[in-house]
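> Listed below are the residues making up each chain.
Protein chains: 2
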Amino acid sequence: MKIEGKEYRAFWFENNTVKFIDQRKLPYNFEIYTAKTVDDIAFAIKDMIVRGAPAIGAAAAYGMVLGKGKTHETANKLSKTRPTAYDLFYAIDYMEGEINKGKNPIDAANNYVEDVIDRCKNRGKNGEKLIEDGMRILTHCNAGALATVDYGTALAPIRLAHRTGKKLFVYADETRPRCQGLLTSWELMQEGIKHSVIADNAAGYFMKNGEIDMVIVGADRIAKNGDFANKIGTYEKAVLAKENDIPFYVAAPVSTFDKNIEDGSRIKIEERERDELAKINGKTIMPEWIVVKNPAFDVTPSKYVTGYITEKEIVK
Amino acid sequence: MKIEGKEYRAFWFENNTVKFIDQRKLPYNFEIYTAKTVDDIAFAIKDMIVRGAPAIGAAAAYGMVLGKGKTHETANKLSKTRPTAYDLFYAIDYMEGEINKGKNPIDAANNYVEDVIDRCKNRGKNGEKLIEDGMRILTHCNAGALATVDYGTALAPIRLAHRTGKKLFVYADETRPRCQGLLTSWELMQEGIKHSVIADNAAGYFMKNGEIDMVIVGADRIAKNGDFANKIGTYEKAVLAKENDIPFYVAAPVSTFDKNIEDGSRIKIEERERDELAKINGKTIMPEWIVVKNPAFDVTPSKYVTGYITEKEIVK
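Protein chains in written order, with the numbering used here: chain S, 114 to 429; chain A, 114 to 429.
Some hints here could point you the wrong way.
Identical chains share a label here; the pair holds if one copy fits it or two copies do between them.
[Unchecked claim] Think about it this way: if two alpha-carbon atoms lie no more than 30 Å apart in a straight line, the pair counts; the simulated DSSO-like pairs of lysine-lysine are: (1) Lys381 <-> Lys307; (2) Lys138 <-> Lys406; (3) Lys193 <-> Lys416; (4) Lys392 <-> Lys279; (5) Lys425 <-> Lys392; (6) Lys119 <-> Lys406; (7) Lys159 <-> Lys396; (8) Lys406 <-> Lys115; (9) Lys406 <-> Lys242; (10) Lys396 <-> Lys307; (11) Lys355 <-> Lys242.
What the hints contain is simulated information worked out from the structure, not anything from laboratory work.
Bear in mind the structure is a predicted one, so any value in this text is a computation, not a measurement.
Using the sequences and the hints given, assemble the complete structure.
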């Protein structure tokens with residue numbers, strides 16, 4: 114991804130340290146966090162300096178490099194950072210295997226990270242073909258380079274379409290709570306892609322007025338029948354896209370397709386803490402007595418999805 | 114409306130002054146602003162100490178009382194406070210007419226205010242019949258007592274259903290930007306009605322999960338064919354209600370029906386300033402470089418509306 118005109122990744126290995134773009138500070142400040150030890154990497158994952166399943170896995174791979182000589186202990190420590198992150202365990206297992214086979218840890222980690230990025234790029238290339246010059250695209254949440262080391266999932270096709278010279282305009286839902294739309298706006302601004310942030314309430318308005326040609330979102334988990342879980346609000350935008358005959362695409366790694374669940378009814382939705390809604394960037398915006406319900410995700414039935422953009426193909 | 118266990122109105126006449134619940138401070142603080150002069154009333158309207166078309170009209174009626182002896186000058190001054198508020202001009206004209214007929218100004222103003230409240234109460238009674246014991250109701254924005262002197266529009270049926278002993282649960286959309294859902298939450302909390310504030314993104318989730326039985330919203334303007342303008346996001350919730358077979362009602366004064374416009378396409382939507390989205394309660398939540406689009410209202414086609422709750426009847 115471009116930041117201040119230069120090519121960046123969400124983090125990178127440098128002089129026996131891992132340098133992270135500190136995502137806790139974004140989009141307000143651009144700061145680099147340097148991890149020198151395995152504990153620093155564990156802290157970066159736990160404290161959300163790095164976010165997004167693919168990025169967390171890749172960060173753990175570098176963590177295994179910093180823990181060289183103590184492979185098993187390092188694997189244990191890193192496994193405990195985000196116990197629900199599938200990519201995290203996958204990356205740690207991969208690294209343990211390679212190191213036990215005698216492979217140089219940094220080579221193994223680089224392989225892992227380059228593979229993650231290649232997949233993002235391939236998803237981007239597949240999705241880019243769907244985007245026509247002049248299109249106006251809505252996205253929800255942040256499925257960007259920050260969450261995937263580079264390119265992003267939903268943002269990869271948009272980024273590549275822009276780089277091939279197509280003119281675009283992106284509507285970025287603010288995405289309450291947590292306002293990840295501001296991260297999307299930051300990535301798009303850095304990349305030089307024209308866009309606006311809108312209230313989540315305004316997405317339907319722009320669809321109905323014919324100002325949105327396509328919707329692209331990411332996915333956290335996709336059931337066998339195509340139902341998928343994603344950030345709360347995704348279902349609303351999918352229904353509105355269908356009602357207004359606007360193509361609705363889900364961009365996601367092949368690994369997001371979970372063959373063990375038949376349909377979306379099997380996906381359990383987590384309710385998160387009140388403060389996620391009551392505070393923004395540490396600032397309290399709701400009085401103490403206000404009671405909230407805060408489901409973090411929703412499930413969108415496959416009937417609303419035009420296609421799934423993966424690194425292999427576009428599944429309709 | 115109930116506040117701290119006592120009956121209140123959004124404002125009232127007392128000892129030759131008008132006492133306003135200061136809506137600039139809500140829902141964070143409950144403070145009273147005292148208007149002693151016509152200039153104080155003009156300030157209260159301009160600075161949004163009082164909000165909502167019916168309430169503004171009623172406040173101006175009391176303003177005409179404070180301006181006694183200078184009827185025409187007072188009318189001029191008050192007319193300039195909110196040049197787009199229809200009820201404001203209606204109330205001023207009414208008061209000028211009554212005063213010129215020799216009527217005691219405070220009697221005329223009281224007549225006007227009681228009529229506004231009676232209409233709200235009658236809307237509430239009509240709408241209350243639609244609400245069954247145990248229902249879970251979604252509302253968007255604040256169409257409450259604060260905006261109508263007492264009872265409210267969308268909140269009047271809910272308030273009366275609660276007072277008749279029906280068990281209810283209300284989902285109050287946060288309603289970005291401006292977060293008027295917090296005002297709704299404040300009114301419901303004071304009235305003792307069980308409710309939660311939810312992110313606007315979560316309304317669809319609760320509808321799909323069968324946790325919402327009815328939607329009631331207000332309206333700013335209703336076209337001849339039933340299309341109506343209301344706070345941004347209303348259209349989204351209406352489409353989602355239809356998709357999930359949930360009755361969707363609009364509660365509004367008869368005066369909101371504008372016979373001069375055939376359908377919703379004639380309603381011009383105002384885009385408001387960036388800060389409305391970028392700040393909450395004076396706190397900046399978006400970095401300076403973020404660009405927004407901020408349509409303040411949307412138009413919901415009549416095909417999504419189950420019925421219109423007015424003070425006269427329920428129009429299907």
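> Which numbered hints are broken by the structure, listed smallest first?
3, 4, 5
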